[in-house]
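Participant: Sequence:
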Amino acid sequence: MSHDGKPICESTVILQYIDEIWPQNPLLPADPYDRAVALFWIKFAGAKGYLMPKLYYADGEEQQAVVKEWLEMLEVMEEHVLIEVKKFFGGDKINMVDIAFSFVAHWLGVFEDVLGLEIFEPHKFPRVSSWIQNFKSIPVIKDDLPDADKMSTFLKHVREMRLASKSN
1 MSHDGKPICE STVILQYIDE IWPQNPLLPA DPYDRAVALF WIKFAGAKGY
51 LMPKLYYADG EEQQAVVKEW LEMLEVMEEH VLIEVKKFFG GDKINMVDIA
101 FSFVAHWLGV FEDVLGLEIF EPHKFPRVSS WIQNFKSIPV IKDDLPDADK
151 MSTFLKHVRE MRLASKSN
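Residues in the sequence shown are numbered from 1 upward in steps of one, following UniProt numbering.
You can trust all of the hints, since none of them are fake.
20 Å max Cα-Cα, derived SDA-like pairs, lysine to any residue:
| hint | residue 1 | residue 2 |
| --- | --- | --- |
| 1 | K43 | H80 |
| 2 | K54 | E112 |
| 3 | K68 | F120 |
| 4 | K124 | M73 |
| 5 | K156 | M52 |
| 6 | K87 | F125 |
| 7 | K48 | E118 |
| 8 | K136 | D147 |
| 9 | K150 | Y57 |
| 10 | K48 | V37 |
| 11 | K93 | I21 |
| 12 | K54 | G116 |
| 13 | K48 | S11 |
| 14 | K124 | E79 |
| 15 | K6 | W22 |
Since the hints were derived computationally from the structure, they do not count as laboratory data. Please read all numbers here as calculations on a predicted model, not as lab measurements.
Put together the whole structure using the sequences plus the hints.
Facilitator: Encoded structure:
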């Protein structure tokens, strides 16, 4: 990202910058404790971001181990992160924690399709499921998410080519 000709890198840093530059639309809570809790969960989500490529490139037993990691993360979201959530992590408005976990809302379904897996079962994670529906219904999110079908088609093709070259 660049603002006023100055480059800013790394997703969380960019979001914090946006939060400070445009305080009329806060992405982090004003209360210091709530802000600290939000920053903890943002860091947690960031630390789990490796699960996407790891799942995509894994197969066999390794893939099952990664699926287990995804399920553990979803359980943490269900039992701890979303326990007091109304509609979003920040209550009635989307905040930085929602954005940090956006890979769960959109990309997990794409990867499930690409790999022919079922990891996320809405009945097992009703809070996460409700949050995903709420998150993906926000116009700015819905309008800017990459088309899941196009991404699935592309990622399936790339994975097939990678697996074919791996077996040669």
